Structures are given as structure tokens and as C-alpha cells.
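Those sequence lines, one after another, are chains A and B.
According to the numbering used here, the first sequence is numbered sequentially starting from 1.
According to the numbering used here, the second sequence is numbered sequentially starting from 111.
No wet-lab data here; the hints were simulated from the structure.
Just so we're clear, the structure is a prediction, and the values are computed from it rather than from any experiment.
Beta carbons are placed, not taken as given, at the ideal position from N, Cα and C, and that holds for glycine.
A couple of the hints might just be wrong.
Restraint ranges, calculated between C-beta atoms of paired labels, are given here [said to hold, decoys possible]:
{"#": "1", "chain 1": "B", "residue 1": "GLY318", "chain 2": "A", "residue 2": "ARG76", "range": "35 to 43 Å"}
{"#": "2", "chain 1": "B", "residue 1": "VAL205", "chain 2": "A", "residue 2": "ARG59", "range": "40 to 48 Å"}
{"#": "3", "chain 1": "B", "residue 1": "ARG262", "chain 2": "A", "residue 2": "ARG77", "range": "45 to 53 Å"}
{"#": "4", "chain 1": "A", "residue 1": "VAL57", "chain 2": "B", "residue 2": "SER299", "range": "48 to 56 Å"}
{"#": "5", "chain 1": "B", "residue 1": "LYS202", "chain 2": "A", "residue 2": "ARG29", "range": "57 to 65 Å"}
According to the in silico footprint, chain B covers these stretches of chain A (three or more CB under 8 Å from chain B) [to be verified]:
{"#": "6", "stretch": "31 to 41"}
{"#": "7", "stretch": "47 to 58"}
On the chain B side, residues computed to face chain A include the following (Cβ under 7 Å) [said to hold, decoys possible]:
{"#": "8", "residue": "GLU143"}
{"#": "9", "residue": "ASP152"}
{"#": "10", "residue": "VAL177"}
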Amino acid sequence: MLKGHLDLIVLAALSAGPAHGYAVIEAIRRRSGYAFDLPEGTIYPALHRLEQTGLLVSRWVTAESGRRRRVYALTRRGERALAERRAVWQQFCAAIGGLLAGTRASGRPA
Amino acid sequence: MISDYLESLAGALRFDRSLSRRVRQEVEDHLSEAVAAHPGSDRPEAEQRAIANFGDPHVIAAQFAVVSVAKQTRRAGAAIILVIAGVFIAMKARVAWYAMTQCAIGDDVKVVSGSVGLIDRYSFWLSVIIGIGGWAYISGRGIPAAFYTVYRKRLRRFLLLCTAATAALFVSVISDGVLTALRLTGAESFVEFVVPIFSMAIEIVCAGALVFQIHSVTQRATSMAALLKT
């Protein structure tokens, strides 16, 4: 299920500000209450893909450790895409919420 | 341990050298960060855990390969348009030069040049139509997260369109070469040759650049398919 929403997750993680890959993964873990523990390697191809489609921009910076790292940030298009996807997601949540509102939690399947 | 892992990942992406270099640096930073996040633990153990959390290098490389193929595909789509524009400008420059130097075609080759001119015109416009179609087909689509069957078919269709556009362009360039040779047969001074020969060279380079771009897409797609098999 997470795979289909990976782009939204990454965009949301970067909405707080520019970050490098490791920090994006940490932000996803932390902000999801440690519910999303994605395979770390899958984030990088997603970052590259989003950059290719113009939703992210990246640049090399030198970290305190002296290592070079790639920092990603949302572009205007990325911000718009995040807003659109957030609205779609909220509509979906409201629709599912409406459907479930009339049901009763049951321990056994019907 | 980390360097072996990086070697394996970068090696799987060697078909795209700039991507391979970038991924190596990014992942090295990530793994070092992951190791540093557990200062109390044993170094080899922390490295092993960081690598395990990152995932199978071939699986990760295959995901990067999709992005690389998509990038090259878009580049090839844009190259078609630029190459066709380049060939068109070169053709127009040559025609303008002929008008300026009053370099006329000989009566004995007029029938041949008329037929070749017709082939040239139709093949060029065919390459324009197919080329624009190919570019529009690929540029309006997003980059998939994986090498899905739909994307595989899309890539095949795009390569088919590119090949057809390039073939038509080659026919046009060859026809231009024949027409230039026919027109220059009676030319007397070296100056008359300069612009036609130079414009023909531009056309040949443009067509060659297009072949190179298509070859790059094919090469990357083949490498990606090989990665998916492993």
C-alpha cells in the first residue's frame, strides 16, 4: 500500500524544508509515529524520479563531517503537487470515514 | 563492507556513469550516517545493519535504472526535435546559398534531381511528423516507479517511432547529398562548395547524434532488463 503513496510521503517529508536522503527517511519515520519503516534504499530512486519530473531540486553540500551530500528541496511545482495530492488523500479519507461510520467493529470476519 | 556494497551498487549502474557516481556518493553518505547513528555498537555490526536496512543493491539499482532510462528517453525525444530543426536550417541555408551564387542545376540531370527532390521532401516531412509524434508521446508522460508492463510497451512504441523518424531523416539526408552532388558537378570555384559541403556535414552530424541518442536508450533499457532478471 505504501508503494502507491511513496511520492506523497516523500513530498510531505520535504515540506518542512530541504533535507538529504537520510534525513528524509528519518522524517518519514518520526512524523509517521514510526509506522512507516520503508526499505531505506527505495527512497533514493524516488527522490531521483521526483527530481526528474521537476517536483524536487537538489544540490551538493558539504556536511560538518566533510562528506559531500545531496540535499533535496521542493520546487513550486512540487509544492503544488503536494497540495493537490493532499486534497485527494483527504477526500479519500473522508469518503472511507463516511463508509465506515455506519459499521460496527467486529472481531470476526463476516 | 560498505565499500564492497557501494562497488556492487555502482557497478550495476555503470551503463550510466554520471548516475553511478552520484548514487555512490549519496549512498556512501547515507550508510556513514546510519553507522554514526549507533555510536555504541560494534563497527562491523553497525555497517552490516546499515547495509541490510538499505536493501539488495541489484533491486535498488533496478529502481534507479528505470529513472535513468526515462531520463534518456526524454532526452532522445527532445533530440529528435532539435535534430530535425538543425537539418531544416542547414537545408534552408544551402538553398539560400544556391540562390545567392546563382548555382543552377544542369539540364541533363534535371529529371533525376526532380525525383530525388521529391523523395527528399516527403521523407523529411515524414520524419517531422513521426518525430513530433514520438516527442509528444514520451514527454507528456510521467516516470514510473518500476519497469511495469505498460511502461515497457510505451518504451517499445517510442523506440519504434524514433527509429522510423531517424530512417526517414536518413533518406532525406542521403537525398540532400545526392542533390548537392548533382548541383555542384558544374561548379567551378572552391567558394561555391563551402556552404553546401558545410551544411551537408551539419546534416550528417545531426542524423548521427540522433542515432547515438536512440542507441543510448536501447543500451540503458537492455541493462535495466538484465538487472531485473538478476
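(request) Return the status of the interface hint for VAL177 (chain B): holds when the least beta-carbon distance to chain A is below 7 Å, violated otherwise. (result) 5 Å, holds
(message) Between the beta carbons of ARG262 (chain B) and ARG77 (chain A), is the distance compatible with 45 to 53 Å?
(response) Violated: the Cβ-Cβ distance is about 27 Å, outside 45 to 53 Å.
(message) If I claimed the Cβ atoms of LYS202 (chain B) and ARG29 (chain A) lie 57 to 65 Å apart, would that claim hold in this structure?
(response) Taking Cβ atoms as reference, LYS202 (chain B) and ARG29 (chain A) lie about 59 Å apart, which means the hint holds.
(message) Given GLU143 (chain B) as an interface hint, is its Cβ closer than 7 Å to any Cβ of chain A?
(response) 4 Å, holds
(request) Count residues of the stretch 31 to 41 of chain A with a Cβ under 8 Å from any Cβ of chain B, then say if the count reaches three. (result) holds (count 3)
(request) With 48 to 56 Å as the target window, see if VAL57 (chain A) and SER299 (chain B) comply at their CB atoms. (result) 55 Å, holds
(message) Is 40 to 48 Å respected by the C-beta to C-beta distance linking VAL205 (chain B) and ARG59 (chain A)?
(response) 46 Å, holds
(message) Can you tell me if the stretch 47 to 58 of chain A counts as covered by chain B, using C-beta to C-beta distances under 8 Å and a minimum of three residues?
(response) holds (count 4)
(request) Could you check if ASP152 (chain B) really has its C-beta closer than 7 Å to a C-beta on chain A? (result) Not OK, violated: ASP152 (chain B) not within 7 Å of chain A, min 20 Å.
(request) Please test the hint of 35 to 43 Å on the beta carbon pair from GLY318 (chain B) and ARG76 (chain A). (result) 38 Å, holds
Hints 3 and 9, counting from the list given before, are not met by this structure.
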